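If you're matching positions, the sequence shown starts at 1 in the UniProt record's numbering and goes up one per residue.
Keep in mind that the hints were calculated from the coordinates and are not lab data.
Mixed in with the good hints there might be a few duds.
[What the hints assert, rightly or not] List of simulated lysine to aspartate or glutamate pairs, DMTMM-like, C-alpha gap at most 25 angstroms:
{"no.": "1", "residue 1": "Lys21", "residue 2": "Asp10"}
{"no.": "2", "residue 1": "Lys73", "residue 2": "Glu62"}
{"no.": "3", "residue 1": "Lys21", "residue 2": "Glu6"}
{"no.": "4", "residue 1": "Lys20", "residue 2": "Glu6"}
{"no.": "5", "residue 1": "Lys3", "residue 2": "Glu25"}
{"no.": "6", "residue 1": "Lys32", "residue 2": "Glu17"}
{"no.": "7", "residue 1": "Lys3", "residue 2": "Glu17"}
{"no.": "8", "residue 1": "Lys21", "residue 2": "Glu2"}
{"no.": "9", "residue 1": "Lys43", "residue 2": "Glu57"}
{"no.": "10", "residue 1": "Lys32", "residue 2": "Glu47"}
{"no.": "11", "residue 1": "Lys42", "residue 2": "Glu29"}
{"no.": "12", "residue 1": "Lys42", "residue 2": "Glu57"}
{"no.": "13", "residue 1": "Lys3", "residue 2": "Glu13"}
{"no.": "14", "residue 1": "Lys42", "residue 2": "Glu31"}
None of the values given here were measured: they were computed from a predicted structure.
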Amino acid sequence: MEKGQEEMKDRTEKGQEEMKKGQVEMKAELEKRMEQGQAEMKKGQEEMKNQIQSHVESQVGEIKDHANICTCKIATY
Numbered sequence: 001m002e003k004g005q006e007e008m009k010d011r012t013e014k015g016q017e018e019m020k021k022g023q024v025e026m027k028a029e030l031e032k033r034m035e036q037g038q039a040e041m042k043k044g045q046e047e048m049k050n051q052i053q054s055h056v057e058s059q060v061g062e063i064k065d066h067a068n069i070c071t072c073k074i075a076t077y
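Assemble the whole structure, with the sequences as input and the hints as a guide.
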């Protein structure tokens with residue numbers, strides 16, 4: 001192989017190694033971001049669940065109060 005061809009081959013191999021290293025770094029960063037996004041989604045879902053649970057408990061309390069009032073009215077007749 002001529003000297004110029006060897007240099008070209010070496011540069012090509014070096015470039016390929018750098019590209020592969022960059023791809024590995026990009027993949028690691030992407031995985032990290034995906035995990036962060038999933039954690040944020042889980043946190044948001046948990047917050048929504050808590051809000052819904054609080055709302056339902058409040059509504060149940062109001063229904064119980066209303067039922068007790070109606071029961072008292074019926075009992076006094």
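Does Glu47 sit within 25 angstroms of Lys32, going by the straight-line distance between their CA atoms? 23 angstroms, holds
Do the alpha carbons of Lys42 and Glu31 lie within 25 angstroms of each other, as the hint requires? Distance of about 16 angstroms is within 25 angstroms: holds.
Is the Cα-Cα distance between Lys3 and Glu13 25 angstroms or less? Holds, because 15 angstroms separates the two Cα atoms, which is no more than 25 angstroms.
Lys21 and Glu6: Cα distance at most 25 angstroms? Measuring from Cα to Cα gives roughly 22 angstroms; hence the hint holds.
With the threshold set at 25 angstroms, check whether the alpha-carbon distance from Lys21 to Glu2 stays at or below it. 29 angstroms, violated
Just to be careful, I want the Cα atoms of Lys20 and Glu6 compared with a cutoff of 25 angstroms; is the pair within it? 21 angstroms, holds
Please work out if Lys3 and Glu17 have their alpha carbons no farther apart than 25 angstroms. Since the Cα atoms of Lys3 and Glu17 sit roughly 21 angstroms apart, the hinted pair holds (cutoff 25 angstroms).
Is Lys42 close enough to Glu57, meaning Cα to Cα at most 25 angstroms? Cα-Cα ~22 angstroms, so holds.
Restraint check for Lys32 with Glu17, where alpha carbons must lie at most 25 angstroms apart: Answer holds: Lys32 to Glu17 is near 23 angstroms, not above 25 angstroms.
Has the given pair, Lys43 with Glu57, been kept, meaning a C-alpha gap of at most 25 angstroms? Measuring from Cα to Cα gives roughly 21 angstroms; hence the hint holds.
Please work out if Lys3 and Glu25 have their alpha carbons no farther apart than 25 angstroms. 33 angstroms, violated
Starting from Lys21, check that the Cα of Asp10 is at most 25 angstroms away, please. Roughly 16 angstroms between the alpha carbons, so the hint for Lys21 and Asp10 holds.
Violated hints, in rising order: 5, 8; the structure is consistent with all others.
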